[in-house]
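J.: Kindly generate the complete structure, drawing on both the sequences and the hints.
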Amino acid sequence: MKQAEFLKIKNLTVTLQEKAILKGVNLIIRKGETHALLGPNGSGKSTLAQVIMGLPPYRIKNGSLIFEGHNLTKLSPETRAKLGIQLIFQNPPPLNGISLSTLLPYFQNLHKDNFVSFQPFIFEKEIQPLLDRDLNKGFSGGEKKIAELYQIVQLQPRFLIIDEIDSGLDLEKLNKVIVFLKKQFLAPDKSLLIITHREEILRYLQPTTTHIMKDGQLVFSSPNWKKIWQQIQKYGYKAY
Amino acid sequence: MVTKRIKPIIKEAPQSNFFYLNHSLENLFAPPGIEILLSKQAYQKYSWVRQYFSKEPQEGYFIWVKKQPLLPLTTCIGISQNKISQHLGNLLVVEPNLEVYSNVTCNAFELDLCASHEAQGKIILKRGASLVYEHLHYWGKGDYVEPNYEFYLAQGARLVYKYQVLNPPKTLKIKTKAELAQEAQAELKTVVKGHHSNINIDEEMILKGTKAQGSLFLRLAAEAQTFIEGLSHLRAEAESKGHLDCRGLILDSTSTIQLVPALINKDKKALLTHEASIGRVNEEELNYLRARGFSLEEAVNLIVNGFLQVT
Numbered sequence: 001m002k003q004a005e006f007l008k009i010k011n012l013t014v015t016l017q018e019k020a021i022l023k024g025v026n027l028i029i030r031k032g033e034t035h036a037l038l039g040p041n042g043s044g045k046s047t048l049a050q051v052i053m054g055l056p057p058y059r060i061k062n063g064s065l066i067f068e069g070h071n072l073t074k075l076s077p078e079t080r081a082k083l084g085i086q087l088i089f090q091n092p093p094p095l096n097g098i099s100l101s102t103l104l105p106y107f108q109n110l111h112k113d114n115f116v117s118f119q120p121f122i123f124e125k126e127i128q129p130l131l132d133r134d135l136n137k138g139f140s141g142g143e144k145k146i147a148e149l150y151q152i153v154q155l156q157p158r159f160l161i162i163d164e165i166d167s168g169l170d171l172e173k174l175n176k177v178i179v180f181l182k183k184q185f186l187a188p189d190k191s192l193l194i195i196t197h198r199e200e201i202l203r204y205l206q207p208t209t210t211h212i213m214k215d216g217q218l219v220f221s222s223p224n225w226k227k228i229w230q231q232i233q234k235y236g237y238k239a240y
Numbered sequence: 001m002v003t004k005r006i007k008p009i010i011k012e013a014p015q016s017n018f019f020y021l022n023h024s025l026e027n028l029f030a031p032p033g034i035e036i037l038l039s040k041q042a043y044q045k046y047s048w049v050r051q052y053f054s055k056e057p058q059e060g061y062f063i064w065v066k067k068q069p070l071l072p073l074t075t076c077i078g079i080s081q082n083k084i085s086q087h088l089g090n091l092l093v094v095e096p097n098l099e100v101y102s103n104v105t106c107n108a109f110e111l112d113l114c115a116s117h118e119a120q121g122k123i124i125l126k127r128g129a130s131l132v133y134e135h136l137h138y139w140g141k142g143d144y145v146e147p148n149y150e151f152y153l154a155q156g157a158r159l160v161y162k163y164q165v166l167n168p169p170k171t172l173k174i175k176t177k178a179e180l181a182q183e184a185q186a187e188l189k190t191v192v193k194g195h196h197s198n199i200n201i202d203e204e205m206i207l208k209g210t211k212a213q214g215s216l217f218l219r220l221a222a223e224a225q226t227f228i229e230g231l232s233h234l235r236a237e238a239e240s241k242g243h244l245d246c247r248g249l250i251l252d253s254t255s256t257i258q259l260v261p262a263l264i265n266k267d268k269k270a271l272l273t274h275e276a277s278i279g280r281v282n283e284e285e286l287n288y289l290r291a292r293g294f295s296l297e298e299a300v301n302l303i304v305n306g307f308l309q310v311t
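For the record, the sequence lines run as chains A and B. For the record, in the first sequence the residue sitting at position 136 is 136 according to this note's numbering, with numbers rising by one throughout. For the record, in the second sequence the residue sitting at position 260 is 260 according to this note's numbering, with numbers rising by one throughout.
It is worth saying that the hints were derived from the structure and are not from the lab. Be aware that one or more of the hints could be misleading.
[Claimed, not checked] Restraint ranges, calculated between C-beta atoms of paired labels, are given here:
| no. | chain 1 | residue 1 | chain 2 | residue 2 | range |
| --- | --- | --- | --- | --- | --- |
| 1 | A | Asn11 | B | Leu111 | 50 to 58 Å |
| 2 | A | Asn91 | B | Gln258 | 28 to 36 Å |
| 3 | B | Thr254 | A | Leu171 | 50 to 58 Å |
| 4 | A | Lys125 | B | Trp48 | 55 to 63 Å |
| 5 | A | Asp170 | B | Ser277 | 35 to 43 Å |
| 6 | A | Asn26 | B | Glu275 | 43 to 51 Å |
| 7 | A | Asn175 | B | Glu284 | 25 to 33 Å |
Where a beta carbon is used, it is the ideal one built from N, C-alpha and C, also for glycine.
T.: This is the structure we're talking about:
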């Protein structure tokens, strides 16, 4: 029996300065599922992630986003975060005078219901020297990703969107991240939407469904990620 | 809540080395090797003190550090009555090669006293002396405040001066001047957030001796019909290095920040640099924090507090 719908995106059209970036996207993600989103650069993958999170400057022109019965289009990013949605940013911005040490006590207060005071973290050694520095300021690509993961571990989202976690991480760290994500977020009451260009991620996470996005549309979806990957390897995204 | 932040200052005030309330001395504790007096007593007791005052002071402190202190020196000047008008003349003298940490708090104990606090301060750091001076102000919405501090650094002296206004008065006129002799080093950091305030800042650093090094940092945030005018002068009169860093953050369209950084170089071997900017809250930072669950107001507060951090 199929799980209940967690996120339902229906005919979503999004514009930026009157130009359509997403053109009628339909997507259903159920609890316990992992969805992978592949596609060429500029196809709209990151836009979809940001629109689910409620981030400007995009404007929803048509369609709906429903998360556990809540119409997300009316909700602020912070309300969406409190519902349990989180995004691991591809390029998180540098914050002046704000460190992880500043943010963590706030997380505890903000997310009273699902905050767990101590969460084991795989990059404990790497995170220590970053805790008191201005967040993301002068961080390497890998350090930014580790800082993103650290926050997510504290926030314990139920619906996690990951936008290219692979960029900036070496293979060894990437493998650790994948194992960690699998342990933390592959659960019957959680879901993952992962934007990636890496086979390793697909192989380890074994997505329930893999989608191809091109020119703002989901042009192909299949439970067989291997076949999709083979086609991309062989023909590129022209195959779709 | 504003009152929650005032109370701890009041609680700690009686234990200060020098606690002066309205027009009277409430507590004075001088550790061994440190002389602490009312400045008018020092003016009468020591003839050398008189050169630092334009006229005999009626209020204020005199602190003379003659031996290495073991603990930070704490000074608290408070106002608790309506329409009090303080005119303080303060003098701090640190003898050669001593290291001092000074914590100075000036505040109104209530937010609606419409009081006035004017302070003329001189800080003398003798050869090789070192001072970290944390100066905190906390005022009510109708107060008039005018701190005027001058720092004189002898050869090889070191100074870190951080002036921060935790709650702004209605009118604030800050005047700060530092003169650095040979190989002296100083950082002057001024952090102010205005709210229904008229703020004027006039600061000057003069690099007088060779190999002197100095920095001026200004962090200003303005909201709710605040006008801030900042003039920062960095002057090199010898082979030296100086840097000026002025930044303003405008939090609404009813406020204005006007910054004028000035570099004056009179020595071809001196190097003076500056950075200056006035902007608004960065949208990308704001959205990032909101995506982490912070409300718009919480995210703005975090960003403003972060901006006002000068370490």
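J.: Which numbered hints are broken by the structure, listed smallest first?
T.: Failing hints: none at all.
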